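A.B. asks: Now for the letters of each chain:
2 protein chains.
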Amino acid sequence: MAQKTTKKMITVGEYLLMRLQEMGIEHLFGVPGDYNLGFLDQVMACKKIKWVGNCNELNGSYAADGYARIHGSAALLTTFGVGELSAINGIAGSYAEHLAVINIVGVPSGELCRTHALMHHSLGTGRLEVFSDIYRDVTAAQAWLKAETAGKEIDRLLTTAWHLRRPVYIALPTDVSYAAIPLPEKPLDLTPPPSPASKLEKPLRQIYEKLQKAKRPVILLDAGIQRFGMAPLVQQFIEKTGIPFASMSMGKAILDEDHPLFLGLYGGKLSDPDVQACVENSDLVLEFGTIMCDFNTGDFTAHLTEKNSIEIHADQVRVGKTLYQKTRGGDLLKALLEKGYRYSGSLPSRASAVSKVAAPTDKKITHDRFWPQILGIIQPGAVVIAEVGSSLFGLLPLRFPKGVTFINQSLWASIGYTLGALLGVCLSAPEPQKILFIGDGSFQLTAQEISTLLREKCRPLIFVINNDGYTIERCIRGAEASYNDVQPWKYAELPRIFGDDVWTSRVVTETELAQALKEYPKDRLCLIEVKMEKLDMPPLLRTLGSDVAKLNHYQK
Amino acid sequence: MAQKTTKKMITVGEYLLMRLQEMGIEHLFGVPGDYNLGFLDQVMACKKIKWVGNCNELNGSYAADGYARIHGSAALLTTFGVGELSAINGIAGSYAEHLAVINIVGVPSGELCRTHALMHHSLGTGRLEVFSDIYRDVTAAQAWLKAETAGKEIDRLLTTAWHLRRPVYIALPTDVSYAAIPLPEKPLDLTPPPSPASKLEKPLRQIYEKLQKAKRPVILLDAGIQRFGMAPLVQQFIEKTGIPFASMSMGKAILDEDHPLFLGLYGGKLSDPDVQACVENSDLVLEFGTIMCDFNTGDFTAHLTEKNSIEIHADQVRVGKTLYQKTRGGDLLKALLEKGYRYSGSLPSRASAVSKVAAPTDKKITHDRFWPQILGIIQPGAVVIAEVGSSLFGLLPLRFPKGVTFINQSLWASIGYTLGALLGVCLSAPEPQKILFIGDGSFQLTAQEISTLLREKCRPLIFVINNDGYTIERCIRGAEASYNDVQPWKYAELPRIFGDDVWTSRVVTETELAQALKEYPKDRLCLIEVKMEKLDMPPLLRTLGSDVAKLNHYQK
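Sequence order for the protein chains is S and V. Heads up, our numbering is the position in the first sequence plus 87, with the first residue counted as 1. Heads up, our numbering is the position in the second sequence plus 87, with the first residue counted as 1.
There's no promise every hint is true.
DSSO-like cross-link-like pairs, simulated, lysine-lysine; straight-line CA separation at most 27 Å [unchecked claim]:
id: 1; chain 1: V; residue 1: K233; chain 2: S; residue 2: K637
id: 2; chain 1: S; residue 1: K577; chain 2: V; residue 2: K544
id: 3; chain 1: S; residue 1: K450; chain 2: S; residue 2: K618
If you're looking for bench data, these hints aren't it; they were derived computationally from the structure. Being a predicted model, the structure only gives us computed values, none of them experimental.
Start from the sequences and build out the full structure, keeping to the hints where you can.
C.D. replies: In structure tokens form, the structure reads like this:
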């Protein structure tokens, strides 16, 4: 153990910060609270990690999630009880959607825990460990740090988070933060253990045989590939093998959508018909990092048979009915590449996609005209973030320019998520253009985080689609029900409450929108409120909504 | 069982709503989500329970907590996974502080659970019950409703919530909500089981003997009395026995502060010296519903010996070292009253308290002058809500007029809580005057709930104390640290974003404040932003902060 043999000492707080840096983390999100102020002083003294104080903990957890989507990992700091529980929705989302978020919680000292002190922020029962127990269900590993084992535990947690791309929970007691422990000799080793040859051989042979027999092989890309950093390898695989690929919606734009082998989006009945036929009639679908949840599969209408499909994930592989655990998808792909397979059949026809900007008229903005108009401003390399709702289902049919990163949270699907995530994206993505699309109902949950965007001098372009309420709910049930209404805010006037360096606009007609898209400055935060009709929605959302209603046994 | 013998049928959703009404609940807080829309239609059809849609679930849970503080119980509705986890901080607060909040969560149908479907809002692991497991630690009872047992389970949960004054968790599957079950024959029986005579006899005799021997008995009142509706009985006890009483800060103003037997506030070293001497030198302290947590006891400086004190709680009694469980404090007090004890010794001197309004000057507003000035507008019967921070510790020394209800969350102490709670208070308290005091840092966490206050046509008076950040943290650690800063908002301009029927003012000097206090209209929501210096704070807060720093092992 490095920390036993070296003589130089370091505090536990400094050790943790050093390891976070070694993971590439440069920002720490969260909210101060009296149990984390000591560690915060250590953060301030650490020049390489910048503290980013959020307006509240939930927003902080969303920011960390967004940061990890770009940066690979992220860290969040909250305080005992109240702070950590406020963040748990965001952390659970990172668990569901495979993001390595290091969730650090400042907790009371060992002495207060041992004496079961009735501390503020506790349940008053004397059991102070109850919240870390709660986190067992939504994090991959947990530790309540003690000085004697802190270094080892921190290393265990950080590598677990990285290998599984899941959040981990670190309880940092106020007294332990300043305890001295040995400086480690080596930097944190994040290399995942390679697949044992014995685990690779059989699936490799099976897959290679299937490939050789296949007449119409297709690759299906999804979010797992992005999370585990496998996109470059997958692109190499596609280009060397010549197998055409489709993307699931959670995996949209992981590879360029103008790639000659790209077919279009697949999501069961929500697919383009051509793409659906091509995938479902394929005799070998290579699923890469697929997440077969309802919103990603057109409410379970993605019909891929076990027999005709293979799943390749970062840490396991399925061939037919056989699941090969501890077989790393990356190792398998590399080995497959060495075999030199090349698809020589004809290419299926490419799905038509919305790709032309419509000329604006003086009519009120509608979804069918809005999204094509929007396409005109999305630049190559942009980061586009879509709230799950009208925004996601409006953006899905667009074919993005080269290098666009597309962020959506379709499995966890927590409304309001994207505004918090936008902060993390702005602080981690070097690309100049970051665009968020969010509906009014979702916006209201996390609206104050515009304050932190301004504080951190972020310059995103935010579209608030104001259609008087929760449209995704309306299309499931209660189209006209008042419970789906929200209070009408003056959205375009809100950013100025939080800071002066903003530009905003409210648009009702297509020409007004066109004007705003022409005028908006690139040097500050911009918000465009787009007024739309209450029951207007993208066709994909309408289809999905009626399916969700059926799954929920709702009768119209 | 009533539901087996009757023949009339009712849906599970209607049954639940009927039972909530029988508890006296007239409002349901929360956020719609696709797993609760079916139940929401049942809510809309129920004319006696009004749906109050919050901006987000955390704010909803705070509103329910505030409602329960006035009304005795409350109900919250969220959706599976994302919604329920966002509310868990508020529900945990209700657990800590003894509020009967019925936490209803719309969850997927039985079929989706049995098939481990990869639904949106799930962790993607197929285990859909994980969130109800998480709630075990912060609710007194839980049930995942099935049609066959729904009636019985609903009754069990609601009575548990009421008897323990703790939140309970009800998972209502989309399909179960519309299942038909028998109409119950009798209304919900919320009467707690009386103390068995055997449980009452011994503590009664012991306490009566101690009372007769006591030379300087004192009663110490705290929040438990208010939560369990025991204030009228306690007042009767005080007046019949003539024993003087002090209040802890969580129990401030449970009985009128102009009562001739009221001594003042007790909180260890944070007490008035006279009150501290009187309580700590007493040879018999009757503790009524005390919660001995750090903020309530001057950081554990309340020195009450087991020998000299007796604890009387709603459901248990302690005499010396002996804890009598299942002995109801109310039954004991009634039995004691029948014995006819009367204290005949002299009364200790009454603590001096801030009770005069200071004449305003042109100087900048400071804490030492602000709170006395504020006292002038607090009317008899007002509900005053104090965020834990400068607001709480500024208000504690004031002696309130008759009938004031004082709300603070000193054990859970979640910042931002009070703005959400204010909504619940406004909808449950018939009194015309509701006043909230909240700092800028806390305000930022939950600020959007002003929107719901406006939507529900509430007319509170809100003071935002703008002192550039988290002052309660500054006095613990990092007085000048940037992590305790917040983005400077235009607080007084915010309400107008959410609605037009508001009145706001920003004041810097005492005369400006006096003018605002004279002018503010009573017929709409009013917000006064009070600018104060960053490091100015009430003396009680300064003392507490340095103690918290010591408990956390922070060196200055």
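A.B. asks: Each hint: holds or not?
C.D. replies: Hints versus structure:
1. For the hint pairing K233(V) with K637(S), the CA-to-CA distance comes to about 20 Å; that is within 27 Å, so the pair holds.
2. The hinted pair formed by K577(S) and K544(V) meets the criterion: a straight-line CA distance of about 18 Å does not exceed 27 Å.
3. For the hint linking K450(S) to K618(S), the alpha-carbon distance of about 12 Å falls within 27 Å, and the restraint holds.
Figure legend: structure checked against the earlier numbered hints; every hint is met.
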